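Asker: Sequence:
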Amino acid sequence: MNLALFRSLLIIVLLLHSSAEAFAQTPPQPWLGVILEKTTIIDDQGVVIENVLRNSPAIKSDLRPGDRIISINGEPVNSLGKLQMLLRGQDAQATVKIVVIRKGKRLESSVALAPAPAMHQLIEDQLLDQLAPSFAFETVAPASRALDLSSMKGKPTIVEFWATWCTPCKAVAADLGAIASKYGDRIHIVGISSEPAKTITQYAAQHGAAYLLAHDLGERGHAAFFVRTYPIAFLLDAEHRVIGIYIGTEQRAKIEARLDKLLEPDPLPSKVINGQERQ
286 MNLALFRSLL IIVLLLHSSA EAFAQTPPQP WLGVILEKTT IIDDQGVVIE NVLRNSPAIK
346 SDLRPGDRII SINGEPVNSL GKLQMLLRGQ DAQATVKIVV IRKGKRLESS VALAPAPAMH
406 QLIEDQLLDQ LAPSFAFETV APASRALDLS SMKGKPTIVE FWATWCTPCK AVAADLGAIA
466 SKYGDRIHIV GISSEPAKTI TQYAAQHGAA YLLAHDLGER GHAAFFVRTY PIAFLLDAEH
526 RVIGIYIGTE QRAKIEARLD KLLEPDPLPS KVINGQERQ
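Reading the sequence shown from the start, the letters are residues 286 to 564 in the working numbering.
These are computed hints drawn from the structure, not numbers from a lab.
Predicted, not measured: the structure shown is a model, and the values here were computed from it.
The C-beta atom is built at its ideal place from N, Cα and C for all residues, glycine as well.
Please note that the accuracy of each hint is not assured.
Said to hold, decoys possible - Restraint ranges, calculated between C-beta atoms of paired labels, are given here: (1) 490 <-> 466: 18 to 24 Å; (2) 450 <-> 397: 49 to 55 Å; (3) 487 <-> 456: 16 to 22 Å; (4) 440 <-> 502: 42 to 48 Å; (5) 358 <-> 406: 23 to 29 Å; (6) 391 <-> 549: 27 to 33 Å; (7) 432 <-> 393: 42 to 48 Å; (8) 418 <-> 449: 22 to 28 Å.
Hey, can you work out the whole structure from these sequences and the hints?
Answerer: Below, the structure written as structure tokens:
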């Protein structure tokens, strides 16, 4: 993955580690929980919030998309780096004064920071039981065409993020191939890679493609689903609500159990005849 591009699309302030487990021996990092507009990552007039993450200190303090952060504890903020530096110098549960410009008005908020969540917890908090974000991608196998995730609504959908160099991804691909064979056209499966389309095409020619393999245009899917590790798969119901998140290998049985429930036929409506309920 092109990390520079990824970070320009998705900046989660002070959440740059991959998981809490990997840093178990280090002090917890303070977390604000905002995504910044990529066009204002460096700006003498402050940095603009594009989105505020669910269950974050920012949302609890009423910071909003469109707010321009201009200072923290009286120190001016003119870049992402300065924002990170000012926050990293704080205790993980410190309270800081953040000044923003909102619709031309200067507002000051006291924000109680929190320890940064592990990446898997962040993904669950933002996506589980929520409607999946749609994004554009280009399928490269078995055929090339432009699609977006929302076009797959109407059937349960598995969205897998993977890479050709990822060894565990090969085991997941085998499991997803078996799932594709078992459930057929009752479901959609798409494997999303941030690698060039040519690389994915060559991989598919060598290893085959039992389901759609696609190139993530602009890495928007990786950003929308907070992907920082492979393999990871998301199970969406027919309305594209995220009902399952599966990180790592050996997830086939769990996915199939959820699919079986999703695909159970609806019971026949009951009828009441002469006071008796009948199917």
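Asker: Run the structure past the numbered hints and jot down the numbers of the failing ones, going up.
Answerer: Structure breaks hints 2, 4 and 6.
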